[in-house]
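Given these sequences and hints, build the entire structure.
Heads up: the sequence shown runs through residues 1 to 557, numbered per the UniProt record's numbering.
Hints listed in this document are in silico derivations from the structure and should not be mistaken for laboratory results. Keep in mind the model is a prediction, meaning the values are calculated, not measured. Fair warning: there could be bad hints in the mix.
Stated by the list, open to error - Derived pair list, reagent style PhoX-like, types lysine-lysine, alpha-carbon separation capped at 20 angstroms: (1) Lys434 x Lys392; (2) Lys522 x Lys502; (3) Lys195 x Lys27; (4) Lys424 x Lys290; (5) Lys202 x Lys212; (6) Lys385 x Lys374; (7) Lys502 x Lys484; (8) Lys202 x Lys167; (9) Lys20 x Lys117; (10) Lys225 x Lys214; (11) Lys163 x Lys189; (12) Lys117 x Lys145; (13) Lys251 x Lys10; (14) Lys225 x Lys195; (15) Lys381 x Lys424.
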Amino acid sequence: MNVDVNLTVKAALNRPCFSKAKLVTSKNGLYRRIRWAHVLETLDMDQLINGEELILTTGVGLNKDSERLDFLRTLIQHGASCLCIELGPSFPRVSEDLISIALEHDFPIIVFEERVKFIEITQDLHTFLINTHYRTLQQLELISKEFHQLTLSSTTGLYNILKLLQKQLNHQIFYLPYEGRETSIPLLKQSVCQKMTEQIGKQIAVSTNRQKLKRGEPIIWSEDKNTFVLQAIVAMGQTWAYLCMNVGHQKPSEFDTLVMGRAVLCIAQENIRIKYVEEKQMHHEQLWIKDLIHERPIDQKQMKARLGLDIKGCVRFRVCVIEMVDLKKGKVMEEEESLRIYISLLTRTIFEENGFQLLITTENNQIIAIVMTKDSNSDLKHHLKNTLDQIKERFLHKRRDKTTLIIGIGRERHQLLDSHLGFKESQIVINMEKLKLREETLEHSYFYDDIGVARLLFMMQGEHKMDSFINDYIGAILAYDEEKGSNLLQTLKVYLDCGGSKQEAAKRLYVVRQTLYHRLQKIEELLGGDFMNTERRLSIEFAIRAHLLSQVMARIN
1 MNVDVNLTVK AALNRPCFSK AKLVTSKNGL YRRIRWAHVL ETLDMDQLIN GEELILTTGV
61 GLNKDSERLD FLRTLIQHGA SCLCIELGPS FPRVSEDLIS IALEHDFPII VFEERVKFIE
121 ITQDLHTFLI NTHYRTLQQL ELISKEFHQL TLSSTTGLYN ILKLLQKQLN HQIFYLPYEG
181 RETSIPLLKQ SVCQKMTEQI GKQIAVSTNR QKLKRGEPII WSEDKNTFVL QAIVAMGQTW
241 AYLCMNVGHQ KPSEFDTLVM GRAVLCIAQE NIRIKYVEEK QMHHEQLWIK DLIHERPIDQ
301 KQMKARLGLD IKGCVRFRVC VIEMVDLKKG KVMEEEESLR IYISLLTRTI FEENGFQLLI
361 TTENNQIIAI VMTKDSNSDL KHHLKNTLDQ IKERFLHKRR DKTTLIIGIG RERHQLLDSH
421 LGFKESQIVI NMEKLKLREE TLEHSYFYDD IGVARLLFMM QGEHKMDSFI NDYIGAILAY
481 DEEKGSNLLQ TLKVYLDCGG SKQEAAKRLY VVRQTLYHRL QKIEELLGGD FMNTERRLSI
541 EFAIRAHLLS QVMARIN
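So this is what it looks like as structure tokens:
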């Protein structure tokens, strides 16, 4: 049921308070919308008019014809809906010049030849507008509930939402998804559907329209004496489809756009629900990806059939691991599973949006993706970084809790059977993030290629010789800290990270320089005066990182 929420000039003229009113211009402007009514007796109206107001005046202060003409022009310029004049001593007649300007702009001029009470007119119109607005909200609430019920209770929720939209507004509905066939209600001929697709494509091609659609704003245009309203179905930062409505010869009413907006929101939710179910099912079907990354025996014929490529053949790929922190590892709760599926869907959506081919699965609190590209000339590392930045930005923008993402990426490889090596490298990068060994580094990187000497630390982690190396170079510092409860090791690390700059080290440690001098003096006593010599300094830095690695790995294990 279409509810007319617009008060037009024509509708106002049919109200009892306008029974003695007379239209002195043509009927072309009678369908102008009225949002409010004002009494106005001045030319200074910049702060008084917002547009689509019915203006009442007696002409007090408009003593000259030139002033009345300026008054009318200013009303038209500010988007007023119509002008109602009480004829009398201040405004005895409507001149031909006034009528000419009004006709030129299809602007209605209404006159009262007898005295009327403006307060009764404004009260009547405002009461009508407020009551209509209230009824509109009630109707919208009912329609919204019906839309949401369809998404929850029906296996064909999308089609039923479109049917309900058409039933409520009685306009031609056209749905154009990125994937799948277009849908029209009532059913259109194939040639008409093709024409609609072309028309929508032309509108989307306009850059300003693309920006509006991405922000969720409707696009309205006229073609072949019909007016169309177009909105994008946007979810998770991606456009999934377009919804178009033909409202006929008139402009869309406010009710039309409001109901369409509710439908767009529910269709976006339905798209996400469908994708969520598909993603969950896909994970069950792709358990063999876990076999691949854990170097377990796999059915290579099955993989070749699914991927359309030979896993022994050459392909550019990197293994990417996205870990959700603040979730209890190993304890699969329903909300954690939902979050994993959401991040997995977000990851798949953005990677495919950026032109990657993807194999993806989940394990505990990690999303594991084998990211492939067919482009042999592209900078895969740079492209991956930009894509992962988008994933983090969209995820962190939506999440309101403390959950965040840690990302690790292995080296580029060309044999899918080597995926287990990239998986191990990705885990090393993630552990590096947990260690906070590069917390002073300004440039962040997700890549195993960039962690430098830490690769050696992980290779040697757990070996007895490493413990001996740590003790030889910083054992005295560790013993002193344990005995005195001090933190000379942190001071030494920051001082070395700052390249021996006392000013910068004091600033990072939040201590005065004199305090730093005392600490450095004690460090020199414990390590010897040559601890800043090149070879010894390099060994000490390596030993510090090895010690921190062993501590955090012990906590992780």
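Each hint tested on the structure:
no.	hint	verdict
1	Lys434 x Lys392	17 angstroms, holds
2	Lys522 x Lys502	15 angstroms, holds
3	Lys195 x Lys27	34 angstroms, violated
4	Lys424 x Lys290	13 angstroms, holds
5	Lys202 x Lys212	15 angstroms, holds
6	Lys385 x Lys374	17 angstroms, holds
7	Lys502 x Lys484	23 angstroms, violated
8	Lys202 x Lys167	28 angstroms, violated
9	Lys20 x Lys117	12 angstroms, holds
10	Lys225 x Lys214	27 angstroms, violated
11	Lys163 x Lys189	17 angstroms, holds
12	Lys117 x Lys145	43 angstroms, violated
13	Lys251 x Lys10	15 angstroms, holds
14	Lys225 x Lys195	15 angstroms, holds
15	Lys381 x Lys424	18 angstroms, holds
Hint compliance for this structure: hints 3, 7, 8, 10, 12 are not met, and every other hint is.
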